[in-house]
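Respectively, the protein sequence lines represent chains A and B. Final position of the first sequence in our numbering is 366; the numbers increase by one with none missing. Final position of the second sequence in our numbering is 537; the numbers increase by one with none missing.
For the record, the hints were derived by calculation from the structure and aren't laboratory data. Note that beta-carbon positions come from the ideal geometry of N, C-alpha and C, so glycine has one too. Possibly wrong hints are sitting among the right ones.
Stated by the list, open to error - In silico negatives: residues of chain A with every beta carbon more than 12 Å from chain B:
no., residue
1, M83
2, P175
3, L234
Claimed, not checked - Cβ-to-Cβ under 7 Å is the rule here; a few derived chain A residues that face chain B:
no., residue
4, H142
5, V204
6, N207
7, S212
8, R215
9, L218
10, G219
11, M230
12, I232
13, Y233
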Amino acid sequence: MTLQNEYAELAKACKPHYLRRVARHPFFGYIVLMVMLVVVQLLYMFTGLISLTVSQAINTTMILAVAALGVGILLMMAGLMSFGTGAFMGLGTFIAGNLLKVFDLPFVFYLAAVALAGVVIGVVVGVVSLRAKGIHLLIITMALSGIMGTMFVLPNTFTGGPSGLSGVPFPTLIFLFDTSRETMYFVVLVVTFLLIAVTLNIINSSIGRAMLGMSQSESLAQAMGIYLLKYRVLAFVVATVYSMLAGALYVASISSSSPYTWTTALSMNILVAVIIGGTAKPAGVIAGSFIMFCLDLAILKSIPFFVENPTFSVFFMGILIILIVMKYPGGLMWMLASLKYRLQTFRTMRRLKKYGPDES
Amino acid sequence: MAQTNRNRLFMRVVGKRDKAYVRMEFNKSRLLVIDAQIGQKQAKDMQKQTLLARKRLYPLELAALSQADRNKALIECEMTIHRAKQSLQRRAVQQTYLRATEKGEKAEAARDAALNALDRRLTEKEAALTARYGGTDKTADKQAAEVYGERSKTEQTRLSALAEEHAKQKKRTLDTLGGKLEAQNGKLQARFREAEAQILSMCPTDPASFGEDSILNIQNLKMYFSGIKAVDDLSIRVRRGEIFGLIGPNGAGKTTLFNCITQFYKPKSGDIYYRDRFGSLVNLVHYNTHDVIRAGISRTFQNVELVYFLSVIDNLMLGAHASISSGLFSQILRTKRYKDEEAVFRSRAMELLSRLGIAAYAEAYPLGLPYGVLKKIELARTLMSNPRMIILDEPAAGLNESETEELGRIIRSVRDDFDCTVFLVEHDMNLVMGICDTVCAISFGKMLAVGTPEEIQGNPVVQEAYLGVE
Numbered sequence: 007m008t009l010q011n012e013y014a015e016l017a018k019a020c021k022p023h024y025l026r027r028v029a030r031h032p033f034f035g036y037i038v039l040m041v042m043l044v045v046v047q048l049l050y051m052f053t054g055l056i057s058l059t060v061s062q063a064i065n066t067t068m069i070l071a072v073a074a075l076g077v078g079i080l081l082m083m084a085g086l087m088s089f090g091t092g093a094f095m096g097l098g099t100f101i102a103g104n105l106l107k108v109f110d111l112p113f114v115f116y117l118a119a120v121a122l123a124g125v126v127i128g129v130v131v132g133v134v135s136l137r138a139k140g141i142h143l144l145i146i147t148m149a150l151s152g153i154m155g156t157m158f159v160l161p162n163t164f165t166g167g168p169s170g171l172s173g174v175p176f177p178t179l180i181f182l183f184d185t186s187r188e189t190m191y192f193v194v195l196v197v198t199f200l201l202i203a204v205t206l207n208i209i210n211s212s213i214g215r216a217m218l219g220m221s222q223s224e225s226l227a228q229a230m231g232i233y234l235l236k237y238r239v240l241a242f243v244v245a246t247v248y249s250m251l252a253g254a255l256y257v258a259s260i261s262s263s264s265p266y267t268w269t270t271a272l273s274m275n276i277l278v279a280v281i282i283g284g285t286a287k288p289a290g291v292i293a294g295s296f297i298m299f300c301l302d303l304a305i306l307k308s309i310p311f312f313v314e315n316p317t318f319s320v321f322f323m324g325i326l327i328i329l330i331v332m333k334y335p336g337g338l339m340w341m342l343a344s345l346k347y348r349l350q351t352f353r354t355m356r357r358l359k360k361y362g363p364d365e366s
Numbered sequence: 068m069a070q071t072n073r074n075r076l077f078m079r080v081v082g083k084r085d086k087a088y089v090r091m092e093f094n095k096s097r098l099l100v101i102d103a104q105i106g107q108k109q110a111k112d113m114q115k116q117t118l119l120a121r122k123r124l125y126p127l128e129l130a131a132l133s134q135a136d137r138n139k140a141l142i143e144c145e146m147t148i149h150r151a152k153q154s155l156q157r158r159a160v161q162q163t164y165l166r167a168t169e170k171g172e173k174a175e176a177a178r179d180a181a182l183n184a185l186d187r188r189l190t191e192k193e194a195a196l197t198a199r200y201g202g203t204d205k206t207a208d209k210q211a212a213e214v215y216g217e218r219s220k221t222e223q224t225r226l227s228a229l230a231e232e233h234a235k236q237k238k239r240t241l242d243t244l245g246g247k248l249e250a251q252n253g254k255l256q257a258r259f260r261e262a263e264a265q266i267l268s269m270c271p272t273d274p275a276s277f278g279e280d281s282i283l284n285i286q287n288l289k290m291y292f293s294g295i296k297a298v299d300d301l302s303i304r305v306r307r308g309e310i311f312g313l314i315g316p317n318g319a320g321k322t323t324l325f326n327c328i329t330q331f332y333k334p335k336s337g338d339i340y341y342r343d344r345f346g347s348l349v350n351l352v353h354y355n356t357h358d359v360i361r362a363g364i365s366r367t368f369q370n371v372e373l374v375y376f377l378s379v380i381d382n383l384m385l386g387a388h389a390s391i392s393s394g395l396f397s398q399i400l401r402t403k404r405y406k407d408e409e410a411v412f413r414s415r416a417m418e419l420l421s422r423l424g425i426a427a428y429a430e431a432y433p434l435g436l437p438y439g440v441l442k443k444i445e446l447a448r449t450l451m452s453n454p455r456m457i458i459l460d461e462p463a464a465g466l467n468e469s470e471t472e473e474l475g476r477i478i479r480s481v482r483d484d485f486d487c488t489v490f491l492v493e494h495d496m497n498l499v500m501g502i503c504d505t506v507c508a509i510s511f512g513k514m515l516a517v518g519t520p521e522e523i524q525g526n527p528v529v530q531e532a533y534l535g536v537e
């Protein structure tokens, strides 16, 4: 070994490829996504390249993706199904909307208040209903969702009755900046990013492992010292808080909330988005939400054929979902993983064929 | 009612004590982990600085050589790169040749021609390099050598100063943290003592039959399933540090007894006294199912129960769930404390895996691994919670003879090294008779005999239960 070689070896050992190191960071993909979405909004605001429809569609999708993140933890980690997401989102909009109408505080305070309310409601509902699980829990949450939906429509000052809440002012940020419909988009992105980080932390921590263990085998979980009810309620509370935060974001960026939006159908759509994603990981959930909501709202709505025949967009979405679920029941992330695996195998085989096995 | 309230209070105090204990244990191991982390960081820094020094010195070193030597070094260097570049081409040639011979063609000539061409190209390169670096002056430059010597000395001193600085920095960090942790541990110790005193005052008095050296004492345990007596008035004593085997024909109530000990079933009557790691006597009957592991009893399952969505090492981390003391928010926000805790248990998991010889599977997913490996993973998982007593439910089920033998060895070594008692239910008589210190035979929920393996083998009652009456 000569001097220069020694030097080259050392350099290789000490200096990994900087770009690769950055790309290996768990948040890298999400940061890239956020930057792309910010660019889309900037294009909409300062040039006419992106239409208002697309910007609003992305905004709505990100809000629904926040709720879907919570459902992802509930369904994919803890193995529990709930139809209450839509109703909790509605509750979040009404709480945040009323607070916004009365107080003039930075937006963080509203989010904190709504999250706190979410914790309280999640614990109460969870402790009562989570003694049941599986299909029974589904029925309980469906009934709850129905009750809440009816209560939203009843004439009262809190939800505004059948006409709903409207004229909610845009919040201020940190006492200084007033927001508008356009700038709320960025606030939504920031909150989504923070919640993605929290979700990743939950998935990769002892809590996430406990939830996965619990959903696989209860006796195993108990033998490992996992208190089942505690972790079930925790998953439920996380889902509730996420959906109520999504509601708060919704009312702040759209400044109105109709009680007829918060139905079981919405909960089902969110559930389908998570199942299409196929994992509790934010990447899968966001991909699922984009296919489920953004594809319809942004892309199909800008194709003239689908605008003229709105029925066909429903057909198209239905067939697409059926195809995805039948071909890849494990979800989009599973599809990606299997494609990646195939590519890898293909490369290895080609290398083997050309050069023979590595000498080790 | 008063009794239930008293039990609940007792359990709360026990929980408080266990929590304090877990925290103290973590604080002790946290220092080691941080030590290792700082060491790693500093080693990396040191490597970088060494490299930089080498980079600065390299031209000087070359200049100090004589012209001929310098040229030789440079040529050798470039030739190494060319040879490395050619190695793939050579392999491709070899592979083409192999494929051709497989088809039955004669391709030696083509292969030799290709290899010769590669060789020729190398020789040409070398000739070109020699022509470029022409010069065969053999006198070394003395002045340059002096400069090189001086510079290398300065670099050396600089590096040693850096090493000293590192050592100082490490000591400072560890001292600060150590002081903090010590203060924390003092508080925890006080809390621990308080709970301990409370427990002593509330403990059931030592029953006379509960020996000094026993760890588990089951007294008059009864468990019925709608009239069927699965366990009927059973009393068993397990000594500390022994391997205790429970045998019996199918349906004898072995698994029921198991589930009674680990509180998956609540026994109808009877007591299960257990001496925990602090020497106090607790009645396991009052424990919740998920609290049993905190008393130091961890178990495996008859059919391997692993989480197939988690990698092997994460499965082991699941076994440490009861020992992780970080709270909810520290996990959700992933604070330094939680990261350290995770590192502590991850290193312990790696240690256990390499002890059992399955470290290669650490990042793999359990689905599709050999059954013997899965059994070992389960055993390693029970050890993650630092148990005092391991309960194994048919560990040899589904293993072949050599694997069973290995398992026996592993169980013995685990017992010796981790200072724990092993309680196992097994059908495989070779394993039971080979490794157990005490064997207990039960049939239809009733005790048949208890003794050393030889005594049990010679016992006519046991033989009758197994083979039937002649």
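Margin query: Quick check for students: does the CB of L234 of chain A sit more than 12 Å from each CB in chain B?
Written below: For L234 of chain A, whose nearest Cβ neighbour in chain B is about 7 Å away, the distance does not exceed 12 Å, so it is violated.
Checklist line | Status of the M230 of chain A interface restraint (C-beta, 7 Å, chain B) | finding: 5 Å, holds
Checklist line | I232 of chain A as an interface hint toward chain B, with CB separation required under 7 Å | finding: Cβ of I232 of chain A sits 6 Å from chain B, so the hint holds.
Margin query: Just to be careful: measuring from the Cβ of G219 of chain A to every Cβ in chain B, is the smallest value less than 7 Å?
Written below: 5 Å, holds
Checklist line | Residue hint Y233 of chain A, partner chain B, criterion CB-CB below 7 Å | finding: Holds: closest Cβ of chain B sits about 5 Å from Y233 of chain A, inside 7 Å.
Note to self: Can you verify the interface hint for V204 of chain A: is its Cβ closer than 7 Å to any Cβ in chain B?
What the structure shows: With a minimum Cβ separation of about 6 Å from chain B (threshold 7 Å), the hint on V204 of chain A holds.
Check: Does the CB of R215 of chain A sit less than 7 Å away from some CB of chain B?
Finding: With Cβ-Cβ at 5 Å, under 7 Å, it holds.
Notebook entry, point to check: Does H142 of chain A meet its interface restraint, that is, does its C-beta lie within less than 7 Å of any C-beta in chain B?
Noted result: With a minimum Cβ separation of about 22 Å from chain B (threshold 7 Å), the hint on H142 of chain A is violated.
Notebook entry, point to check: Against chain B, is S212 of chain A within 7 Å by beta-carbon distance?
Noted result: 5 Å, holds
Next item on the list: Verify the interface restraint on L218 of chain A: the C-beta must sit less than 7 Å from at least one C-beta of chain B.
Entry: Constraint on L218 of chain A satisfied, holds at 5 Å.
Next item on the list: Just double-check M83 of chain A for me: nearest Cβ-Cβ distance to chain B has to come out over 12 Å.
Entry: About 9 Å separates M83 of chain A from the closest Cβ of chain B, which leaves it inside 12 Å; violated.
Next item on the list: Examine each Cβ of chain B, and state whether all of them lie more than 12 Å from the Cβ of P175 of chain A.
Entry: 31 Å, holds
Checked against the numbered hints above, the structure breaks hints 1, 3 and 4 and satisfies the rest.
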